[in-house]
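Colleague: Work out the full structure: start from the sequences and follow the hints.
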Amino acid sequence: MTTLRRLSDILDDGATLSGLNRMPTFLNVRSERYGLTMIVIRELGIIARIALIFSRRGLDIAAFNLRDGDAVGISEVSLEFEGNDEQLRAVVHDLRKLVDVYSVATSVVRSDSNGHVKFTSRTKASYSTSVREQL
Amino acid sequence: MQQLSGAQILIKELERLGVKHIFGYPGGAAINIFDALYDSSIELVLTRHEQGATHMADGYARASGRLGVVLVTSGPGALNTVTGLLTAKMDSVPILVISGQTNSGNLGKDAFQEADVFGVTLPLVKHNQLILSVQDIVPAVRRAHVLAMSGRPGPVLLDLPKDISAQKTEYAVDDSQLARLDTKSSGVGALRLSSLQVNACEDMAHMIMSSKRPLILAGHGAIIAGASDAVRTLAETLGSPVTNTLLGKGAFPEEHPLALGMLGMHGTAYANYATTRCDLILSIGSRFDDRINGCNDHFCPLAKKLHIDIDPAEIGRVVTPDAAVNADAKLAVEEILKHVGKLSSEEWLHELNDYRRRHPLVSGHAGDIIEGVIEEDHGEVPKDLRAAQLLECLHELAPRDSVVTTDVGQHQMWAAQFMPTKSPRNWLSSGGAGTMGFGLPAAIGAQLARPDATVIAVVGDGGFQMVQAELATAAIQQLPIKIVVVDNQCLGMVRQWQELFYQNRLSSVSLHGNPDFVALAGAYGIKGFYVDQPALLPEVISAALNYQDGPCLIHARVVNEDNVWPMIPAGKAAKDIVLSHPKTALPMPTGST
Ligand SMILES: Cc1ncc(C[n+]2csc(CCOP(=O)(O)OP(=O)(O)O)c2C)c(N)n1
Chain P
7 MTTLRRLSDI LDDGATLSGL NRMPTFLNVR SERYGLTMIV IRELGIIARI
57 ALIFSRRGLD IAAFNLRDGD AVGISEVSLE FEGNDEQLRA VVHDLRKLVD
107 VYSVATSVVR SDSNGHVKFT SRTKASYSTS VREQL
Chain H
-19 MQQLSGAQIL IKELERLGVK HIFGYPGGAA INIFDALYDS SIELVLTRHE
31 QGATHMADGY ARASGRLGVV LVTSGPGALN TVTGLLTAKM DSVPILVISG
81 QTNSGNLGKD AFQEADVFGV TLPLVKHNQL ILSVQDIVPA VRRAHVLAMS
131 GRPGPVLLDL PKDISAQKTE YAVDDSQLAR LDTKSSGVGA LRLSSLQVNA
181 CEDMAHMIMS SKRPLILAGH GAIIAGASDA VRTLAETLGS PVTNTLLGKG
231 AFPEEHPLAL GMLGMHGTAY ANYATTRCDL ILSIGSRFDD RINGCNDHFC
281 PLAKKLHIDI DPAEIGRVVT PDAAVNADAK LAVEEILKHV GKLSSEEWLH
331 ELNDYRRRHP LVSGHAGDII EGVIEEDHGE VPKDLRAAQL LECLHELAPR
381 DSVVTTDVGQ HQMWAAQFMP TKSPRNWLSS GGAGTMGFGL PAAIGAQLAR
431 PDATVIAVVG DGGFQMVQAE LATAAIQQLP IKIVVVDNQC LGMVRQWQEL
481 FYQNRLSSVS LHGNPDFVAL AGAYGIKGFY VDQPALLPEV ISAALNYQDG
531 PCLIHARVVN EDNVWPMIPA GKAAKDIVLS HPKTALPMPT GST
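Residue numbers (my numbering), protein chains in the order written: chain P, 7 to 141; chain H, -19 to 573.
The hints are simulated quantities; they were obtained by calculation from the structure and are not laboratory data.
One thing to keep in mind: the hints can contain errors.
[Stated by the list, open to error] If you only want the chain H side, here are some residues facing chain P, beta carbon under 10 Å, derived:
{"no.": "1", "residue": "K106"}
{"no.": "2", "residue": "Q109"}
{"no.": "3", "residue": "E294"}
Ideal placement from N, C-alpha and C gives every residue a C-beta, glycine not left out.
Modeller: Below, the structure written as structure tokens:
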């Protein structure tokens, strides 16, 4: 299980930055690191729409990648964030409600004792036939 | 082929969607669109503030089920709509806001009246779009309409730069496409259930049939889906009591023998009691929000929880259901009806009626006011007018199918309690957002949508003053709305909290300095009435209800320090309900508001 350390611990000199120390406590109680893969329409503002679903819940995105998908006007987004199962459920539901998001797949990101990252896939993102027709 | 400007195309498309009224306010970036309106059959209702325009469109949509449309200019004009967007988003109301924008070449240059309206409104809408090509206007408008009206309805915003609204292009009406979109948007979405949904409904029906103490919870979703008749048939078939949320008022007739009235923080004692005792709760289009479920661990502790919702994100979001159907409420309830019959619920109904007899809603009795005037209940009619009494009398005298709109605060809760709603789309109140100032503009919109209805705006002296400029709009339109200003000279709901939880340290809640509301109405040519005595209520209210020569206003001067009971302190469960003023101080609530 990945545990996020306090930001002040990560600072080399151990300096206590008052602002950083007052990070809300929920930042420290994350239980899992999740990976999400999405197939989205390449519309203006899609990254902002996705990002807002996380920031409104006090979740920050740890990694983000957007690349061309395998059809014109379609992109694939993958991202990682720290949170609990309930938060995962909530963000996935809200992401699915975005008009420009076609599908969302989830995975759990775990690092073993040697620090190697492993992904455990839960659901798969794919084009449904109806989406293909619309394209 | 016809060459039209982007603005003309926009208006043509709105005409084709059947739009009759637009609520708006002009400005430079939208001037092309206002120019196109000059030749249109659509009537632009000029408001006095853009926030008013959004609430009017919202009231129009809630009262009729049709799309409410708003047109504003860029920058400050567009940003004045954000409260209205939030209000509509929270309560799933289909409105379309069209905002003018600076020339597309100026975007990002801090041009005059430029604001990132797309960015600002992102979290407040179901969808929004910055239109960057004149060719995109037709698909954008059609899509906006479908999105606003279908599934779980909500607000959509289109931001249209001035150079795009000026640009000319060929415009051909594509009827086939329009017809297809229309069939979709006339309902809230699907026309029939999938086999998966059918099975889920059947499972639910079996669970319902094994219940001894069922409770139906009707929410706004039941009204939006047009499920009221089905809900009533279900309740009567089963013999099940029904409670409703604030926005679910009218989903089931609140004066029906099976009705328990409103649930939640200021709901009836008996509806809340029912949740502590029921062995099954069936939510039809409610999202179990914190107004009815302050403490999830103790919500319906003995009950199997069944949830019908069109929005998959709502299922399991607050309450983990024992069974759920993600579908249109009307279709789902009609399907359930195929598999159910009479339950033996006599004992359960008897228990609830017994409780109701012991803990009824009471208005206008003296007593209970503690930090303000302390009165004992001698069973006499008190001299001073109390808001609940006013609203009860208003309900008795007004036509049963009147549309009632409210602001937010104590008067809203008293209106919810003492003005039971008979049929859907007759109770318009800002629930999710709790937007003060909603009542007057919503009433204007509702009256335009339903010219034959009696429309009554029950507003607080605080909320009304936030939007009182719209008196001009009501007067100019000669709308016969009845505005009832419940004047307690304070921000009553906040004052109640300060009295109960902050040792009566009244901080910034006095509205000392209120204007003479009758004189204010008179300044707009609006007929005004004044009442401050219970004995004169029937006479004044009848006169106002009979007044047909445009809008009229009742200035009701009520007791200042009155409190709304019952109350479940925020964060508490139904079992913790406080039925009347406690003799000892209440602990600070753990919930937010
Ligand atoms: C726009 C807005 N600002 C602040 C609030 C917080 N608030 C909730 S109820 C209330 C008091 C409302 O006073 P009034 O309109 O006089 O109604 P009353 O409670 O006295 O009936 C306030 C300030 C709100 N709901 N909306």
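Colleague: Each hint: holds or not?
Modeller: Verification of the supplied hints:
The interface hint given for K106/H holds, since its Cβ lies 8 Å from the closest Cβ of chain P, which is under the 10 Å cut-off. Taken as an interface hint, Q109/H checks out: its beta carbon lies about 8 Å from the nearest beta carbon of chain P, inside 10 Å. Below 10 Å, beta-carbon pairs count as interface contacts, and E294/H has one with chain P at about 8 Å; its hint therefore holds.
Hint compliance for this structure: every hint is met.
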